[in-house]
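J.: Here is what each chain is made of, one letter per residue.
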Amino acid sequence: MTITQPVGLAPTDRAERLLGGDLTETALRLHLEGLSGVDAVGLEQRAAGLSTRSIKTTSKAWALDTIIRTCDLTTLEGADTPGKVRSLVAKAITPDATDLTTPSVAAVCVYGDMVPYAVEALGARHGDPEKGLVSVAAVATAFPSGRASLAIKLADTREAVAAGADEIDMVIDRGAFLSGQYGVVFDQIVAVKEACARPDGSRAHLKVILETGELQTYDNVKRASWLAILAGADFIKTSTGKVSPAATLPVTLLMLEVIRDWHRITGEKVGMKPAGGIRSSKDAVRYLVTVAETVGEEWLTPHLWRFGASSLVNDVLLQRQKMRTGHYSGPDYVTVD
Amino acid sequence: MSRLTVPKTYKLYIGGKFPRSESGRTYEVVSAKGDFLANAAKASRKDARDAVVAARAAVGGWAGATAYNRGQVIYRIAELLEGRRAQFVDEIQSSEGVTAAQASAQVDTAIDVWVWYAGWADKYAQVAGNANPVSGPYFNLSVPEPTGVVAAVAPQGVPSGSLLGLVSVIAPIVVSGNTVVVVADEAAPLSAISLSEVLATSDVPGGVINMLTGSAAEIMPWLAAHADVNALDLSGAGSLEGAKGESWVDLQLAAAETLKRVVPPVAGIPRPALEGITAFVETKTVWHTKSML
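These protein sequence lines are chains A and B, in that order. Taking our numbering, I'd label the letters of the first sequence as residues 29 to 365. Taking our numbering, I'd label the letters of the second sequence as residues 13 to 305.
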């Protein structure tokens with residue numbers, strides 16, 4: 029066995045600013061392992077406290093619309109077809125055909141090979157969610173396991189960007205992270221970020237999935253969040269949705285606290301996306317409360333906050349219909365997918 | 013040495029579990045003479061909504077069970093009621109102020125109603141269905157299928173009806189494979205609560221029968237307008253009066269908005285009848301080719 033010497037890491041502006049220009053794995057390790065430990069009991073109590081808020085009437089109506097506006101409507105099944113992606117896009121543009129005041133969702137999230145169909149189906153409605161249009165997000169880098177060589181991960185990313193994806197959801201190499209090879213994870217994120225570049229000089233937004241369900245401890249989640257931000261993530265995302273537990277409120281709160289700390293140090297705003305397991309409007313509203321109380325309400329826009337969900341939108345639509353008609357609605361009044 | 017009595021605070025029965033009312037409200041149940049008997053949960057519209065969710069989730073399994081199996085499960089309710097008859101007689105006596113003999117007769121009849129409907133489980137389709145005559149080489153068959161989720165109100169304040177009235181409403185609904193959300197007699201809910209305890213220990217899957225206690229006048233409008241309820245049984249709703257003087261007709265109007273099947277009120281307690289079952293089924297007609305040989 030050979031002991032690897034400190035190696036230079038691919039530089040990013042963020043890491044250079046915080047850790048100095050001579051960026052080495054040792055410096056990164058010292059920073060990540062020097063982070064203060066997470067008070068797990070306190071974190072869970074804080075999250076539980078935030079879930080007790082009662083959001084009613086006009087606040088609830090605003091919250092429901094915000095959930096839809098910041099939702100990445102997702103289909104990530106082995107059985108996905110172009111037809112299913114087209115119906116997903118139709119739903120993304122017009123979530124509720126019985127009520128055209130319903131906002132469009134922020135983005136559709138699909139596998140890389142489905143990006144061309146999503147782009148084609150969106151047509152003129154493809155664009156910036158802040159302007160009421162719908163983005164296309166693609167999962168890449170051998171999603172969901174991330175077990176492939178870097179060359180394949182980069183090719184996966186480039187192909188999705190070339191096909192018109194506006195956002196790339198990458199997974200980190202959890203095996204490398206858990207065995208302490210922070211430099212490997214860092215370099216991969218940097219490389220994937222470079223692969224997000226388009227020929228015209230712009231680049232697709234990069235969301236980095238930590239897969240917190242596999243990271244075992246809150247301390248690891250905190251380290252991984254810092255690592256992803258230092259390596260240049262535009263968004264940090266909890267989970268792939270393929271591992272249980274997926275997004276939980278305490279984990280989201282912890283990641284938001286890292287985002288808040290980063291904003292305090294640098295003034296830079298990093299986005300957050302909890303994904304997987306958020307099925308009811310009630311749950312989703314708790315996440316909104318947590319965002320507002322942790323990083324502030326200005327984060328509740330599609331550029332800084334997303335829900336990754338497939339069935340959440342239907343529940344929100346049922347609640348919306350209830351508020352509009354005054355009586356309870358049922359699953360017969362929303363689309364199946 | 014004198015002993016303090018232990019008055020009970022009962023809960024609702026939703027999805028096979030016994031939750032408190034989401035609203036946290038309770039009301040006092042009193043005997044025919046006005047003495048305190050127990051506290052019962054006063055269900056809110058959100059409890060009704062939760063009950064509909066539980067009932068909807070249970071439809072697939074219950075309607076998909078074989079008719080023979082449903083018959084056995086319903087017969088088992090009768091068996092369990094028989095085993096706990098003393099408790100039911102006691103509760104009916106105190107809440108209705110009737111004699112032991114009258115209470116006992118009501119429990120007997122309620123048990124017989126369960127047995128009567130249990131027998132119909134695998135037979136009603138033969139009577140209500142049909143092989144239709146056609147002039148071609150194929151079969152044309154009409155078969156009854158359960159409607160889905162039924163919201164019902166038990167007879168309110170009918171003499172000798174706190175158990176029998178409730179059973180006469182829910183048994184014909186569930187026998188064909190429907191699930192039910194039922195609001196018990198507001199003034200005399202003890203039999204309904206004890207029946208929930210019987211159901212919870214019987215073989216009836218959770219969510220098939222959901223029992224709400226509280227004000228039917230308050231809860232029924234929400235169930236009547238609920239888009240995920242398929243039918244409305246107003247057998248026991250004749251005497252209902254809402255806060256603004258609404259009657260059961262307003263419930264029927266609300267139900268029409270989402271095209272529900274509605275059974276209007278009857279005087280007293282519904283009699284056991286095949287029509288009780290066929291009121292909550294839909295007829296499906298299919299054809300199938302015949303051999304030409």
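Keep in mind that the hints were calculated from the coordinates and are not lab data. The structure displayed is predicted, hence computed values, not measured ones. Cβ coordinates follow ideal geometry from the N, Cα and C atoms, glycine included. Treat the hints with caution; some may be incorrect.
What the hints assert, rightly or not - One-sided and incomplete, this derived list gives chain A residues near chain B with beta-carbon spacing under 7 Å: (1) G111; (2) Y356; (3) S357; (4) Y361; (5) T363.
J.: Would you mind marking each hint as holding or not holding in the structure?
T.: Here is what the structure says about each hint:
1. G111: Hint violated; G111(A) Cβ to chain B Cβ min 26 Å, cut 7 Å.
2. Y356: Cβ of Y356(A) sits 4 Å from chain B, so the hint holds.
3. S357: holds, 5 Å
4. Y361: Holds. Min distance 6 Å.
5. T363: violated, 15 Å
In the structure shown, a violation is registered for the earlier hints numbered 1, 5, in ascending order.
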